[in-house]
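Peer 1: Per my numbering, the sequence shown starts with residue 11, numbered consecutively.
If you're looking for bench data, these hints aren't it; they were derived computationally from the structure. Don't take every hint at face value.
To be verified - Label pairs and their calculated CB-CB ranges: (1) A238 to Q74: 41 to 47 Å; (2) V50 to S21: 24 to 30 Å; (3) L172 to V50: 39 to 45 Å; (4) G187 to Q220: 39 to 45 Å; (5) F264 to T244: 27 to 33 Å; (6) A80 to K34: 52 to 58 Å; (7) T133 to R81: 39 to 45 Å; (8) S121 to A173: 28 to 34 Å; (9) L174 to V63: 46 to 52 Å.
Glycine included, C-beta positions come from ideal geometry on N, C-alpha and C.
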Amino acid sequence: MMVENSMPTLSRFGIGFLAGMEWKPAQEEFGALPFIYGTVVSSLIAVLLAVPVSIGVAVFLVEQAPKSVARPIAFMVELLAAIPSVVYGLWGIFVLAPFIREYLGPFLQTSLGFLPLFQGRLTGIGMLTGGIILALMITPIVTAVVRDVLEAVPVTQREAALALGATKWETTTIVLGNAASGIAGSVVLGLGRAIGETMAVTMVIGNSPQISASLFEPANTIASLLAANFAEATDKLYLSALIEIGLVLFLVTFVVNALAKLLIMSVASGPDRAKHT
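Model the full structure from these sequences, guided by the hints.
Peer 2: What follows is the structure in structure tokens.
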């Protein structure tokens, strides 16, 4: 159905639709590249910020913290995943955006202003804000999956390492090595969530179809574009363009989540293989 409805755009623009820079519905000019760029960059920012924190928290909960401490912390982390997306968006508008505009942005421009990433005007609404919001949203998910992956590593591996004289940290390093593919799967799973997130990003990213090297400039993502424009798309070609870009988002998200599932399953099957050897 989606392929059929996107045929008018496919027939008119072909593969050039994905590389087009202009999005002007009134002139019937449609290009998806600014939205693909915004989706990729904001998701990468989220993964770069969230993954180290998530792995650190998961390692602490599974390998270091006593159960009396690990359980309440794990409970609080899981509660973050239950917060509605719109609440993250409101927090981003009223708290995060002013903080970036008044404190974080000036600090980054003073310290790293020679880089194009940290140049430009400071409004508090833009790519960096959207990426940070996404990082907060995927951190509980990645943490929970990494924690499950680490718990799936057989206890015998930890006992063997300790028996050979390894320290607690060296044992943790061995466990992380054995769980590497599962951890990679959790990262890809978080990436898939970041790619498909809509409401919170729409509220803080600026919704401007442009490609800019600066992280402070407004941008847009595929999910934000669909959420903000689908209701007003009355023209057949306009609707077809939105459906086609939605099809791109569906395919990317499907592939990412399938890859994450395969990586996580490879770790989950590890203990079963060990039992039969």
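Peer 1: Identify every previously stated hint that the structure contradicts and give their numbers, smallest first.
Peer 2: Hint check: 8 and 9 fail, others pass.
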